[in-house]
Amino acid sequence: MSETSQLQPARSEEKPVIGVVHLPPLPGSPRASLSMEQIIERAVSDARAYEAGGASALIVENYGDAPFRKDRVEPYTVAALALAVAAVRSAVSLPIGVNVLRNDAVAALSIAAVTGASFIRVNVHTGAMLTDQGIIEGRADETLRLRRLLGAPVEIWADVLVKHAAPLGPVSLEEAARDALERGLADALILTGSATGQPAAPEELRRLRALFPGVPIYVGSGVTPERVGAFLPAASGFIVGTWTKEEGIIENPVSPSRVEALVRAIKTAGRSSPGGNRARRV
0 MSETSQLQPA RSEEKPVIGV VHLPPLPGSP RASLSMEQII ERAVSDARAY EAGGASALIV
60 ENYGDAPFRK DRVEPYTVAA LALAVAAVRS AVSLPIGVNV LRNDAVAALS IAAVTGASFI
120 RVNVHTGAML TDQGIIEGRA DETLRLRRLL GAPVEIWADV LVKHAAPLGP VSLEEAARDA
180 LERGLADALI LTGSATGQPA APEELRRLRA LFPGVPIYVG SGVTPERVGA FLPAASGFIV
240 GTWTKEEGII ENPVSPSRVE ALVRAIKTAG RSSPGGNRAR RV
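In terms of numbering that gives the first Met the number 0, the sequence shown opens at residue 0 and continues consecutively.
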């Protein structure tokens, strides 16, 4: 069991907030301008801000590297990400996740294994999606075999019909989720809206929760204090980046007070939501 077991809530209203550390453009990416020292300084600052505000875990991702490779990233990107993840993990006492955009699960898992991170996020774990990078195919077989080879206690959190993408054929939300869990052996699911900052659909979350009552399902985009109540008690937790930034602008630093406000809103909504006394595994 990985460190994400620390996210198990003591009470059902305690739904964890997982803060996203958006790295600036890394060396070699089209918009790179900062040194690794500057990148790490910013990443550590954001990580500490999340921790100060009450976040339960973090995901470190190469958000600034757009336009993204659709699968394998370059070795220098892996090296830069590994340095950043290691620095963040040393700076805070929270479980850490890794997301290598757009869909390099092998790199993410390798980084997690050597840095001691707890989980990875995989945008397309099973199936195939049409994206702005082209057609991305899931490689669950490679990811699971590598995890076994490395002996790494790293969880796989799989997006279901991920944002900024569309399935190649008529695939329902339920079918995609079932494939990720039963055929791709994902440890948790992530439900998003259509794009970064756009909200997921509460009705879709309720459908997934009805089908998979014991599976961790996280809301992965468009999370704000005003919206969280609609996702409770079905959500296992919330992955948030944009709203926690100063003035809600994604390029800005993380604001501890905004993180704290979101955590407080989730606790308040959890106490008042119907069925809020039923704890979910996270």
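Calculated directly from the structure, the hints in this document are not laboratory data. The structure displayed is predicted, hence computed values, not measured ones. Any given hint could turn out to be false.
[Unchecked claim] Per label pair, the in silico range of CB-to-CB distance:
no., residue 1, residue 2, range
1, LEU210, GLU250, 20 to 28 Å
2, ARG270, GLU141, 41 to 49 Å
3, ARG270, GLN37, 20 to 28 Å
4, GLU174, ALA78, 36 to 44 Å
5, PRO169, ALA65, 24 to 32 Å
6, PRO169, GLU259, 37 to 45 Å
7, GLU202, PRO252, 28 to 36 Å
8, ASN251, LEU167, 35 to 43 Å
9, GLU225, SER34, 23 to 31 Å
The beta-carbon is built from N, C-alpha and C at its ideal position, and this holds for glycine as well.
Against the structure, the hints:
1. A C-beta distance of roughly 37 Å is found between LEU210 and GLU250, which places it outside the suggested range of 20 to 28 Å.
2. Range check, ARG270 to GLU141: Cβ separation about 43 Å, and the 41 to 49 Å hint holds.
3. Between ARG270 and GLN37, the C-beta spacing of about 42 Å breaks the proposed range 20 to 28 Å.
4. A hinted range of 36 to 44 Å holds for the C-beta pair GLU174 and ALA78, which are about 38 Å apart.
5. Range check, PRO169 to ALA65: about 29 Å between beta-carbon atoms, so the 24 to 32 Å window is met.
6. Under the hint 37 to 45 Å, the C-beta atoms of PRO169 and GLU259, about 43 Å apart, fit the expected range.
7. Against the hinted window of 28 to 36 Å, the Cβ-Cβ separation of GLU202 and PRO252 comes to about 34 Å, which satisfies the hint.
8. Judged by the Cβ atoms, the range 35 to 43 Å given for ASN251 and LEU167 holds: they are separated by roughly 36 Å.
9. Here the CB-CB span from GLU225 to SER34 is close to 38 Å, at odds with the stated 23 to 31 Å.
This entry does not satisfy hints 1, 3 and 9, going by the numbered hints stated previously.
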